[in-house]
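Chemist: Residue numbers (the working numbering), protein chains in the order written: chain A, 1 to 663; chain B, 664 to 792; chain C, 793 to 1123; chain D, 1124 to 1267.
Derived from the structure by calculation, the hints contain no laboratory data.
Incorrect hints may have been included.
What the hints assert, rightly or not - Just the calculated beta-carbon pair ranges, DEER-fashion:
| # | chain 1 | residue 1 | chain 2 | residue 2 | range |
| --- | --- | --- | --- | --- | --- |
| 1 | C | 1011 | A | 605 | 26 to 32 Å |
| 2 | C | 1027 | A | 22 | 49 to 55 Å |
| 3 | D | 1129 | C | 1006 | 38 to 44 Å |
| 4 | B | 722 | A | 17 | 44 to 50 Å |
| 5 | C | 990 | A | 106 | 35 to 41 Å |
| 6 | C | 1041 | A | 106 | 38 to 44 Å |
| 7 | A | 83 | C | 1008 | 48 to 54 Å |
| 8 | C | 1002 | A | 30 | 39 to 45 Å |
What the hints assert, rightly or not - Only some residues are given here: those of chain A computed to face chain C with a beta carbon under 10 Å:
| # | residue |
| --- | --- |
| 9 | 44 |
| 10 | 106 |
| 11 | 108 |
| 12 | 589 |
| 13 | 600 |
| 14 | 655 |
| 15 | 656 |
All C-beta atoms, glycine included, are put in the ideal place defined by N, C-alpha and C.
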Amino acid sequence: MQRIGVFVCWCGTNIAGTVDVKRVADALRNEPGVVFSAEYQYMCSQAGQDMIKNAIREHNLTGFVVCSCSPRMHEATFRKTAEAAGLNPYMVEIANIREQCSWVHKDMEIGTEKAIVLGRTAIAKVNLNAPLTPGESPVTKRALVIGGGIAGIQTALDIADAGFPVDIVETKPTIGGKMAQIDKTFPTLDCAACILTPKMVDAAQNDKIRILSYSEVTDVRGFVGNFSVTIKRKARYVNEEICTGCGLCTEKCPQKKVPNEFNLGMDTRRAIYIPFAQAIPKVATIDADYCTMLKTGKCGVCAKVCTAGAIDYTQKDLIMEEKYGAIVAATGFNPISMEPFDEFAYSQSKDVITSLELERLMNAAGPTSGQFVRPSDGKHPHKIVFVQCVGSRCAGASKGKEYCSKICCMYTAKHAMLIRDKYPDTEVYVFYIDVRTPGKNFDEFYRRAVEEYGVHYIKGMVGKVTPTGDTLRVQASDLLANKQILIDADLVVLAAAIEPDKSARPLATMLTASMDTNDFFTEAHPKLRPVESPTAGVFLSGACQGPKDIPETVSQASAAAAKVIGLLVKDKLVCNACVASSDEAMCNGCSTCERVCPYGAITYADKEFRMPDRTTRIRRVAQVNQAVCQGCGACTVACPSGAMDLRGFSNKQIMAEVDAVCK
Amino acid sequence: MTHSDRLKEQILRTSGVNPLKCMRCGKCSATCPSYDEMEYHPHQFVYMVETGDIEPLMKSESLYKCLTCFACVDRCPRSVEPAKLVEAVRLAVIREKGGNRLHTDDIPAKLDDDMPQQALVSALRKYSK
Amino acid sequence: MQTVTRDMLVSRAKALLADGTVDRVLGWKAGEFTYDVTPGVFTDADAMEKEFVYGDFCGANFSKYLLTEARKTEKKVLVFLKPCDTYSFNQLLTEHRFDREKVYAIGIPCDGMLDIHKIRTLSAEGVTGIDTDGESVTVHTLYDGDKTVARADALAERCVNCKSKKHVAYDELLGEDGEIIDSARFDEVAAIEKMTPDERFAFWQDALSRCIRCNACRDVCPACTCEKCVFDNPNSGVENKSPANSFEEQMFHIIRAFHVAGRCTDCGECSRVCPQHIPLHLLNRKFIKDIDEFYGEYQAGEKVGSRAPLVDFMTGDLEPSEAVKRGETNA
Amino acid sequence: MQVTEYKPKIVAFCCNWCSYAGADLAGNNRLNYPDNIKIIRVPCSCRVNPMFILRAFQRGADGVILCGCHPGDCHYTSGNYYTRRRMALLFSMLSYLGIEKERTRVEWVSAAEGAKFAATMNEFSAQVAALGENKRLEDLRCKP
């Protein structure tokens, strides 16, 4: 008979506030199998855990139930406590009397009653627990980083630094991501390219890192330590090995009218192009939508001009299958479309631009090669208006994002400061709701913009922008002066909200990683495990997990790399102990379970059985591969005879729980 | 429940607006076409109803300057709907004894040829009950 | 009358016994009365000559017997399969339940078997003998002399709504193969669906409360071939020997129907053998009708190795809330 | 005589990765839902055997709700697809046997939808309370 201990936690007042913990402990003391029952303020504390260890020794308990917070919080903690006291870690059950009882029922009487029932259910389950030992599975010592922005590059560099091979998969022809498009970076105003390109070159030259540019992940199978990923290398019609990146073809290509997405369509490029000078890999790419040779077969100028003979019009998409131990999502962000915010006349005038477009205008490698001029008539703007929180912090309105995009206040202060510094004759107005500068040296940076460079910060939102003549009439409210002011600006810059990259949602489905309603990856725990996805083996790096600036992205990238290294350094991974197991005596061998298994963990073997009449019979029976099975339980329901059962959540245990709950 | 609490509760109930959602961005006042004629501007309506400071609103002329063009409702990022608050305060005034601002018998005096019929109908709706 | 006669079967079986392809023959023996023919195993020619019978009451589906018989033979077992039996044959093969090489299957045409329960209600009790000639059946009874009943009225329900005269599995065919019939087998299910919930509950409470839990339906069903049934499996959580409020007693039929859902070939054996005449086939047909409606036409056993609906899925399947509405035409 | 307002007994099976986390989130946000709903944690919604649901009804539950991840989000890629088919057939059969269809329900709740979880529980509890006590599934076979 089991000797069960029951420990009811106060959790300070979180539980004790609406549940009479003493009454729960007393009520559960006379449940079948219970030999010890107590309550304590903080079961998860060191003192609490020592209390459990002592109780195990004194009453030689065979298992215990902790009535406390959600098992998703401290099941692991209490399993380690059991292990420390020499008890099998799987002889522990948790009754969730905080998130699912004390926090959701205000009335003490109701809360106590329900806590007793939940405790009774956990006791019924632990009575039927069996000691389990988790199996092991090998770890493929190789990591995959999806996304080649600063997040992906930093993660890959750190992992390679630890000696593990890494693949970076980037959809664009070059790595670099958004940071490559940025001119200067806050708060130190050093040029983005100057700090990014050395890292890109390191990544290219590091023999542990393989950059798969112009490629995308199409399928992910397997689980932590044993992912098998299908990667599609889109045809770039240029042989990467031979191309020297001289750029001759990009000058001679007759097709000139292709909108250059690197400069956000503000200028044009050729059909065969290298996105920007410091591109890695420095290899040309033919844009199949615009290349006349590929469309009509008549041209071939680039092939004639190419000294290395690297052009190959017959190149096809290449499908690769690779094995990985860990996957890092670093898909980054994009500014949202300004189309629903037409009160700012973004679509009516070329002089209303987003901040990213302003970055390109001010960048030396940008469309105006550094000349800060208006996109409409190329004249120098004398009055500029910055509009903050366009599309951010909108609630209920169907068009915007509910969250604050975090980086706009800082980059607008940077833009204002740079413009005032380079062109002192320009008047700069910034309409803000609040200026949020929470980083190191951030507020000092913002104050310099206001005090030294005389940027006019006006508290109040812009209501309307109407193009009148060759200026833009900005109508805004100045809340502190309680006036409605009108400014005839030459240029209006919208600080657009940022959203995750469109490729994130399909990737999450492939990785079975969960996402929040805004399509940002959900982290395993917002405070304690911010760089891991709940799906084991999947890690999050950079803005794909939430809006963040470059310093935070780099620190999160290194954190994700540390987690990946922590995983890859292990030879064996302890796998889930709660996996399926089939009772061979009762198995029909009908392969119903094999058909529902998402991981292909079930194989069949012919085994000899001694029959009651002393004859032996060869029967086909199912066998579960403990390392591959993830313990979902689909097979246990598909199996009509109940031969297939799930350890830790066995049929008898769940039936006992149902009986206890319904009593 | 003081008199202004009761008033505030009545205004919030008739308008269905939750002023707590306002993040004080001022966009409603920025887009308000009759901002200059109004003594209290839309963002102030939201703030003053929230703080319960309703007496001055009821006495002010700006109640009748609001064109109910709903630009503020359309553009408010937090969908607070300030125009409905102005309407609710107006109703609070009209509902008090003798609160009607426009009597049917003084309509003929206001008639002029280019006054659209609809303006009269909406005036009657807004200014008398 | 059956187009194929006893003598044709016996001569064919004796030939195969003689040339050594088979060493056991599954057939029928006379039981207590002419109408309760019992299945039997014959190993030599003269036993067959003496005891083998075949007539209008040989409805048993021999597919399930192959699980045990196919193991006992060194060479092959000869089995005669009616068209509806062949579907169960394929379904058992899909589930690797017996070795196909150990079985020699002869497909025999079938003109529908008679239901003694119907004959009794149509004629009289105390039936001593039945012989059929052409389209009418003469019933010799103890007290009321001879009665004649039209053969069509005496046909078993599953034969009235026969779903297919086509053999989907055989090594050899006696006579030509028939066609799949677009039968009205779901009308009764649809009729029940049209009732109000109270009427439906009353109908099923009346039907299921007659159940004496004799497990005959489980023992005869070719889909119910578990080594050990879930109710006898100690760690299935539902097994309880002396049940105070027995889960097994009350939920047996729903669970059995669910376990065979997607695998039941609608052969009608369960209703045939039920001593209490509970229309169990209406439960299985409800699942088949739902599967056809929700996930597209599927006939279990039509093709060996086909993927049963409950071990398959489509991303666009309908939600359970809609399924309930669609399955129940009126609230 | 103090009329105890009838509270139906409801069993909720929640899948560990999504709906159980959703339930925890509802707790974190202190959202209120009826106390007569008891949650049983299962690794995936596809772990719930129809026998568990029938057992709950047979042992006196008045309503059973099964919560899982949104189709496509299942942590085990295809678990909830099987749940959807099994429960579609089971619920249709139960209603065919005359059991009120409002007593059973499948709801997809993700880990981020705490509010939806609480709202669903409140609505389902009210729905089952309206039906009153479950007599029919306690013993489908009781002698007339």
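Chemist: Work down the list of hints and note, for each, if the structure agrees.
Modeler: Cross-check of the supplied hints:
1. 1011/C / 605/A: 26 to 32 Å: 29 Å, holds
2. 1027/C / 22/A: 49 to 55 Å: 37 Å, violated
3. 1129/D / 1006/C: 38 to 44 Å: 39 Å, holds
4. 722/B / 17/A: 44 to 50 Å: Taking Cβ atoms as reference, residue 722/B and residue 17/A lie about 47 Å apart, which means the hint holds.
5. 990/C / 106/A: 35 to 41 Å: For residue 106/A against residue 990/C, whose Cβ atoms are near 39 Å apart, the range 35 to 41 Å holds.
6. 1041/C / 106/A: 38 to 44 Å: 42 Å, holds
7. 83/A / 1008/C: 48 to 54 Å: For residue 83/A and residue 1008/C the Cβ distance comes to about 52 Å; the hint holds.
8. 1002/C / 30/A: 39 to 45 Å: Since residue 1002/C and residue 30/A have Cβ atoms about 43 Å apart, the given range 39 to 45 Å holds.
9. 44: Check failed: Cβ of residue 44/A comes no nearer than 32 Å to chain C, outside 10 Å.
10. 106: Violated, because the Cβ-Cβ distance from residue 106/A to chain C comes to roughly 31 Å (cut-off 10 Å).
11. 108: Violated, about 33 Å.
12. 589: 6 Å, holds
13. 600: 14 Å, violated
14. 655: Result: holds, 3 Å to nearest chain C Cβ.
15. 656: OK, holds: residue 656/A within 10 Å of chain C, min 8 Å.
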